[in-house]
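Protein sequence lines, in the order shown, are assigned to chains A and B. Quick note on numbering: the UniProt record's numbering labels position 145 of the first sequence as 145, and the sequence is numbered without any gaps. Quick note on numbering: the UniProt record's numbering labels position 9 of the second sequence as 9, and the sequence is numbered without any gaps.
Quick caveat, the hints were computed from the structure, so don't treat them as lab data. Using N, Cα and C, we set each Cβ at its ideal position, and we do this for glycine too. Keep in mind that the hints are not guaranteed to be accurate.
[Claimed, not checked] Simulated DEER-style distance windows between Cβ atoms:
hint, chain 1, residue 1, chain 2, residue 2, range
1, A, Tyr215, B, Gln10, 24 to 30 Å
2, A, Gln209, B, Glu99, 30 to 36 Å
3, A, Leu185, B, Pro17, 17 to 23 Å
4, B, Leu180, A, Phe136, 52 to 58 Å
5, B, Asn107, A, Leu219, 40 to 46 Å
6, A, Tyr39, B, Ile230, 51 to 57 Å
7, A, Phe136, B, Ser78, 53 to 59 Å
8, A, Arg126, B, Gln217, 50 to 56 Å
9, A, Pro80, B, Gln146, 52 to 58 Å
10, B, Leu16, A, Leu190, 34 to 40 Å
11, B, Gln217, A, Arg75, 20 to 26 Å
12, A, Ile72, B, Val20, 21 to 27 Å
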Amino acid sequence: MSAFPSDYNPIPFDHTYVLYDPNDIISILSVHLSLLPIYVMVFYTSWFLITREIEPVVVVGGHLVGEVLNKIVKRIIKQPRPDFHKEFGSGSFSLGYGMPSAHSQFMGYFAAYFICIVLFKVKHLRRYQRFLGCAFLVVASILVASSRVYLLYHTVQQVVVGVMLGALLGLVYFIATTFARDIGLVDWVLSWPIVNYFYIKDSYFHCYQTFRDEYDTFLRSKSKGSIKKV
Amino acid sequence: MDYETKLVFQVGLLLLPIFVVALRVLAILPSVGLGSSNKDLKSISDITSGTGSSIMVLLGSGGHTGEMMRILSNVDLSSVRRTWVVSSGDSSSLVRAKEFEDKYQQNGKTCKSSEYLTLYRARKVGESLLSSLNSTVRSFVDTVNQLRKLPELPSVLLLNGPGTSVPLAYILFGMKFFGLCNTRIIYIESLARVNKLSLSGLLLLPISDRFIVQWEQLYHKYKRAEYYGILI
Chain A
1 MSAFPSDYNP IPFDHTYVLY DPNDIISILS VHLSLLPIYV MVFYTSWFLI TREIEPVVVV
61 GGHLVGEVLN KIVKRIIKQP RPDFHKEFGS GSFSLGYGMP SAHSQFMGYF AAYFICIVLF
121 KVKHLRRYQR FLGCAFLVVA SILVASSRVY LLYHTVQQVV VGVMLGALLG LVYFIATTFA
181 RDIGLVDWVL SWPIVNYFYI KDSYFHCYQT FRDEYDTFLR SKSKGSIKKV
Chain B
1 MDYETKLVFQ VGLLLLPIFV VALRVLAILP SVGLGSSNKD LKSISDITSG TGSSIMVLLG
61 SGGHTGEMMR ILSNVDLSSV RRTWVVSSGD SSSLVRAKEF EDKYQQNGKT CKSSEYLTLY
121 RARKVGESLL SSLNSTVRSF VDTVNQLRKL PELPSVLLLN GPGTSVPLAY ILFGMKFFGL
181 CNTRIIYIES LARVNKLSLS GLLLLPISDR FIVQWEQLYH KYKRAEYYGI LI
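So that you can see chain B by itself, here it is in the shape it has in the complex (with noise of 0.2 Å):
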């Protein structure tokens, strides 16, 4: 084999790895519609339909919290498997999960399990950028970490746009593209969002199975936003 013959080989080496990884990102991207096709789901409630799921709410801080709870409070989550995420340090939104959770142990009612994971903050409000580079970096090896003590990975993650969502959207994308898990994301971008996306909105809207929002103006921003009114 002469150089010039081995060269081919060489430069086909170097690029098949990045040549399949292409090839797997396009399978699994939601942008590019060949990932898992919901489309027929139309309300929040359907989410859990289907036996043997389990969802993981990301329950962020103080006013993110408050609008998840308000929007699942008009969802019957008994027959899922419950997984709440919250930030270190944020004792009030664990109280409000386990409020909730109390809620359908009163009710009597027969309930699949629930848990409770504590992931580290990825960036406190107002932080320096070189800081926030790295706590984020602490953060990712952090929730990598807790998602791998869990019994299974979640079958559907709600996030509604707190800093911590991006971390742990990409790191359930990431074992999605290595065939881990078939997590499908649905995003619900805040009330407070009018106009504008939250930075954590448009990092997480191309791997965003479903992306909601809740005025009418992002919705005819954003192409793959889907709007279904004041859902708090």
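Extracted from the complex, chain A is given alone in its bound form (with noise of 0.2 Å):
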């Protein structure tokens, strides 16, 4: 029966792996938060495909970093996840490591980089509705990191060094975009044939549109179609 090949040693992909108590309603909300990394990159793609804004290819960039960075500290700081989850993917690079939490530096550069959007970038939000979107995305990285903690895959200690990690790198990434966007090297980027074949633009730089001003936009050339010359 056994067909495999003896060197067959399957280990569980990081973000999606996760196991729980189905009869705890905590433990089942809890997978949900652990698998909301992945729900917001399903959100980016779709975000991508939609509008072809490049905004999202710029922030996914910025987590592709993080997932790397994230892999080369476990394998640095080598500390092992807790007992119940010790042997996690042991085999792997380094998913036996659990510090810092994967999901939580994502989340924690998830939060800063779009804390630094509602702050610097949507200029036209009222001073209530910048402070709720900052704790939002604030209390779904607590959340999320907390997840990890009661599923029993990381300490606390592992989950709040993955926040502080993320949050860092999601500071540095705004600023590394706000440069690059300065000079024009997204703009240079856009300017390419293959990007243009897809009409990829970054109006979220250049012409940002609230959903008001497209609202208005609508409004009037709804307007406009109704009014007929006899």
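Now that you have both chains on their own, put them together as the hints suggest.
Take a look at the structure:
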């Protein structure tokens, strides 16, 4: 029966492999929080495919840098996961190590980058709207980080280091992309024939439109269409 | 405290300085838009408005100096302290600056004092990469020393693109980082640049509070560039 070669040694895919207790409501919630980074990645993809904005690509670039950084730091610190998941992904490059938590780092980056966006890029928001946006991002990160601890994949310390590292990366990446846009690096990428072919644009930088602007444009074009000359 | 908790504090202490530096850069970076807001200034002559201010003008070499003097010939700088910065060995720029000052003296108007700084040159035209690296470092050290001798750091730094402007601007940006000055950096790209920014321009764009180009093509290409027609 055993058709597998003896050296076949599968490991769980980091962000998706989640063991939980189906009879515990908090455990079920934690599963979805643990999968939130995956949902967010799906969101980026849709965002890019539908709007053809370069912004999601820029953000995902930062996430990829974060993932590589996470694997390297895990290798350096070599801190084991909590006892229950000690064998999680053992034999892989770095899954066996638990510090810093990749999920927490993902969310730390996510929160830091988008807090910068909410504070510096989206100019029309009112004070309370900015506050709510930032609060939502912070709470989301804390919840995801807690889910990792609750499901026994990480210790509190590993999660804290993950969030710190991610938040720093988000901040630095925001500054780096601001520079890149300023000196026209992003515009240069947009001028590539292959990028051009898919009509990819950067209206987040050049001509940011609020939902209200878009709605007004809609109203205007709608009313134009309804007037019929006899 | 167990080993892992200690690790948290160690990583935290390691990351904290980088975090603080990043936050400070974010706060003073003009391209982020939190830096000094001065969109209300509309013409070049407005840069000198406000009493008690001082302006530092960099005179690069030949063409750059000529352009700068022609831009300044339309501006009354008598109400601000002026600091002229020239590169070492560039006596003609020094002469141009002194001529400019003499005009103020002849008019007999009450005018603020002026000063001259001579900086070690960053990169000679056509110099090889390695030796230009060496001279850039020397120019950095020299510039810091010269700036420390000034009675006060300028409130406006006016540049138009010679190689010396990069170290000078970044040093003043560094001083702004530490809260030592609040210099607004105004960069005017040379008239010779029509479709592409110069290397100095590209390097200084992110830290310039105002970035003025003299051709419409450049204005459309770079979002933060401002265009008021040809200035000279």
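Status of the hints after comparison with the structure:
At about 51 Å, the CB distance of Tyr215(A) to Gln10(B) disagrees with the hint of 24 to 30 Å. A beta carbon spacing of about 52 Å between Gln209(A) and Glu99(B) contradicts the range 30 to 36 Å that was offered as a hint. A hinted range of 17 to 23 Å is violated for the C-beta pair Leu185(A) and Pro17(B), which are about 27 Å apart. At roughly 38 Å, the beta-carbon separation of Leu180(B) and Phe136(A) lies outside the given 52 to 58 Å, and the hint is violated.
Distance hint check for Asn107(B) and Leu219(A): the Cβ-Cβ separation is about 60 Å, which falls outside the suggested range of 40 to 46 Å. Remark: the range hint 51 to 57 Å for Tyr39(A) to Ile230(B) is upheld by a beta-carbon distance near 54 Å. The given range of 53 to 59 Å is respected by Phe136(A) and Ser78(B), whose C-beta atoms sit roughly 55 Å from each other. Between Arg126(A) and Gln217(B), the C-beta spacing of about 38 Å breaks the proposed range 50 to 56 Å.
One distance hint, 52 to 58 Å for the beta-carbon pair Pro80(A) and Gln146(B), holds here, with the actual separation near 56 Å. One distance hint, 34 to 40 Å for the beta-carbon pair Leu16(B) and Leu190(A), holds here, with the actual separation near 37 Å. The given range of 20 to 26 Å is broken by Gln217(B) and Arg75(A), whose C-beta atoms sit roughly 49 Å from each other. Against the hinted window of 21 to 27 Å, the Cβ-Cβ separation of Ile72(A) and Val20(B) comes to about 24 Å, which satisfies the hint.
In summary, the numbered hints that this structure violates are 1, 2, 3, 4, 5, 8, 11.
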